[in-house]
Amino acid sequence: MNVQLRLNEIETYIGQYHILQGISFEVNRGEVTVLLGRNGAGKTTTLRTMMGLNPASKGVIELNGEQIHRYPTYTIAQKGIGYVPEDQGIFPELTVEENMKVAIKKENEETSERQDYILDLFPDLKKYWKRNGGLLSGGQKQMLSIARAYVNNNKLLLIDEPSKGLAPIMVEKVMESILQMKEKTTIVLVEQNFRMASTIGDHFYIIDDGKTVQNGRMNVLRENEEMRRKYLGIA
Amino acid sequence: MELFFNLTLNGLATGMLIFLLAAGLTLIFGLMDVLNFAHGGLFAWGAYSGTWIYASTGSFFIGIMGAVATGMLLGWIIEKWMIKPVYGNHVQQILITLGLMLVLSELLKVVWGPNQISASPPDVLKGSWVIGDIIIIKYRVFIIAVGLLIFLIVQYILKRTKIGLVVRAGVMNKEMVQSLGINIHKVFMLVFMVGAGMAALGGVLVGPYSGVIHAGMGMEFAILAFIVVVIGGMRSFPGSILAAILVGLSGSFMAYYVPDLSLAVNMLLMAVVLIFRPKGLFGLKG
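In order, the protein sequences belong to chains Z and U. Take 1 as the starting number for the first sequence in the numbering used here and just add one per residue. Take 1 as the starting number for the second sequence in the numbering used here and just add one per residue.
Just chain U, with the same shape it has in the complex (with noise of 0.2 Å):
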């Protein structure tokens, strides 16, 4: 039993960070047909850039906004003068994307050494609590706790109002949104940075969670948010946490009980969706 919550918690924790990762994609490819390979360079700049805010101030509160501001800032820096300029243009996309996750995870050994830093959590979500037998780490409760709250808030902006509305309309028809005299545009470059933000939440969120952060943590997150993506649907927003804690659960189990197989289990996980559903399960049609 205390086996089972603690993999299942620790599947849950890992599933929220990839969440974090993966919404944006999933929202960036659906609105703007962009495969933003970047998204994972994204995610690394969070990290070390929070860690050294928080090791800075002192607050760790401070170093998730300052984290969230960087994620924003750049996803801002990259829509407008690297993405724009290839919209409609999925080679060229593909090959800026890609040459961007190299130059900024090399950018962040620049700035701030080529070595891993440790990471750690306030002092406040440090330990764990105890019921019973089954041992609760607080760290992980917070993880899942921000990965659900920034899903409700999510979820409530695209549901409840004008702008979310555009947003779910510009992901089924983008030349009709801009005929009813709506400025794409501008949505697309909201939506860049929020999914940078968000993504740059998860990096600064794993810090303390895997203990280190290191350049490369960028592309290792962004595989596990493209099998992700690819498993909840290419344009569903929930479905990207469904297959989030799916791929995180999965992970979580297997990496304990055939550790051999604990990636392989998501690239299978992705094949099968792949043959039965070819637009994930969630996916929208068209």
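For reference, chain Z alone in the conformation it holds in the complex (with noise of 0.2 Å):
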């Protein structure tokens, strides 16, 4: 397995609060690299300074062997990263179509097939092409943020909790996305539904108070219960 993402003691601020305190971790590619944590552990923001929207104040991020923690988030963008916000960051007066296209960056026949796989994947998107961002559900939304990441040839999907506030068919129609995708791109996951982070992922790290504190394969995890009761308060 070879790094293809690589966190190095990373401290960001946000205002006056220091956020993230020391985050390291690596990505392989091919994977899908799961962060944990409780509430307010400091996974959102890892993802963000990643993207460079909370830019950190120490550490190197490094992607296939590029610093690139000192880009702006457009050339971060650039580099092959693409990102799923908590939020699903869709343009609400924008229809799905629009939404689609402002996220390509070159149209040609590559991003067509792509745009096809994502769109036979996700038939809700198909069925209301010409419906404004803002009018879809929950899990239509995050489909739609998921393809946009997608649709251009990113080697890497960074994605932030798909699974909140969303009906429990529509997280299983999310998972077995993501399952999907794994086999074309690398993923790094936030996401506090265990079972799904669990299915899905074959690392993890656990951050907590902005340090990440333990990491592994899946399975570990999956057997540890001490482990998952005190960093993630699950059984």
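Keep in mind that a hint or two might mislead.
[As the list claims (entries may be wrong)] For lysine-lysine, the following DSS-like pairs were computed, each having C-alpha atoms within a straight-line distance of at most 27 Å:
hint, chain 1, residue 1, chain 2, residue 2
1, Z, Lys101, U, Lys159
2, Z, Lys106, U, Lys186
3, U, Lys84, U, Lys162
4, U, Lys159, Z, Lys130
5, Z, Lys155, U, Lys162
6, Z, Lys184, Z, Lys101
7, U, Lys80, Z, Lys105
Treat the hints as calculated values from the structure; they're not laboratory data.
Two chains, two frames, some hints: make the complex.
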């Protein structure tokens, strides 16, 4: 396994608050790495720091060996990172079609194929192609957000809590889609739903108080009830 | 009938001039979260530079193009050197743009002197058409046509092109646009320059309409433009033209029937909209 993304001792402030106080982890190419931790531990800030939305004040982020932590957000995205934020970031007054068009960096055969693939995965998006993004259900918005991140040939997807606020049936759909996409791209996933995280994830990192405190293969966590109880508050 | 028609034509022409100023304001605010109080200064610079170029070259068309170019150049300078360093800080933006408004107005006096300058339309746009009892002043029709044309062009760009799509998306969620790999600052710059160019176009057109231009004209029109932006909705481009026409018409009719209330009626209109629809008649959510 070769390392695609590496974070080394990342620290991030939001205003006067020292949110990330030493985040280090590695993401292997072709794997799903899950960031776990309680609410407020710093998982979302970690993804936002990787995207340059909350720039790191210390530490190094490398993508394929290239340091990217000083780049502006759009350059980081151009390097091949797709981002699905916690609030989905849908443009509410644009149609599903327009939301996709904004995302497509270059219209060519490849993006057209990727779009067809993702629309087959999420047929609801095809059905509501001309509907405004703001009128979609929570699950459909999540699908659109994932589709937008996937449509370009991104090497890495950062997905923030895709199951949040969704009905169980939608959670299943989103989970299945991520499992399928896993075959084509590397994924960093922030997820509170442990069942989903443990089904999809290959590797985990636990973040606590802004620091990475534990990591390992997902099956280790599945079998370690004490660790789950201590850091995630679940049995 | 004749009176009604003339007041309507007058109101529409004034509305279009306000629209050219307000459209840039609403786009700049919507996309960049910048309340640009210097916008009126760009309007006045368009009036002076355009009138001067027209007088120097004898071509009204070149005067218009020169005014738009001046506005866009000033817009580029202002965005790059004065607005960009204070993105996200509204207090500093207000102070800087208000200061700029004063500087731009005073600079006009330095370059062209403190006295007002007379302006007239080219021969082809002078005079009027007479249809029955109705007299149609050509220059007013010209202003309405230019305003409508600009509206249609900008609306086409916003609705049908990728850059327009990016601008509309940016108005809704700037962070997400950047996360999709788009350099939003380049878009900011472009929108600011286009907004400045439209303001300057309004300025050069207003000279022959009112007969004179003066350094304080920017502030006068900017107040009306801010009222239009509030009524139409802070982020809505179509809202800005409809509200501008509303303000132009109400001003025109009130100035004839109840002259004392002609400015107050716009304030009143704005207050009513703010009470019942705080986001404006066509304001976007969020």
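Now the hints, each set against the structure:
1. Of the supplied pair hints, the one linking Lys101 of chain Z and Lys159 of chain U holds, its CA atoms being roughly 12 Å apart against a limit of 27 Å.
2. For the proposed pair Lys106 of chain Z and Lys186 of chain U, the alpha carbon gap of about 18 Å is at most 27 Å, so the pair holds.
3. Distance hint between Lys84 of chain U and Lys162 of chain U is fulfilled; the C-alpha atoms sit about 24 Å from each other, no more than 27 Å.
4. At roughly 14 Å between alpha-carbon atoms, Lys159 of chain U and Lys130 of chain Z fall within 27 Å of each other, so this suggested pair holds.
5. Among the hinted pairs, Lys155 of chain Z with Lys162 of chain U is consistent with the structure: their alpha-carbon atoms are about 24 Å apart, no more than 27 Å.
6. A C-alpha spacing of about 21 Å is found between Lys184 of chain Z and Lys101 of chain Z, which places the hinted pair at or below 27 Å, so the restraint holds.
7. A hinted pair counts as satisfied when its Cα atoms are at most 27 Å apart, and Lys80 of chain U with Lys105 of chain Z qualifies at roughly 26 Å.
The structure agrees with every numbered hint stated previously.
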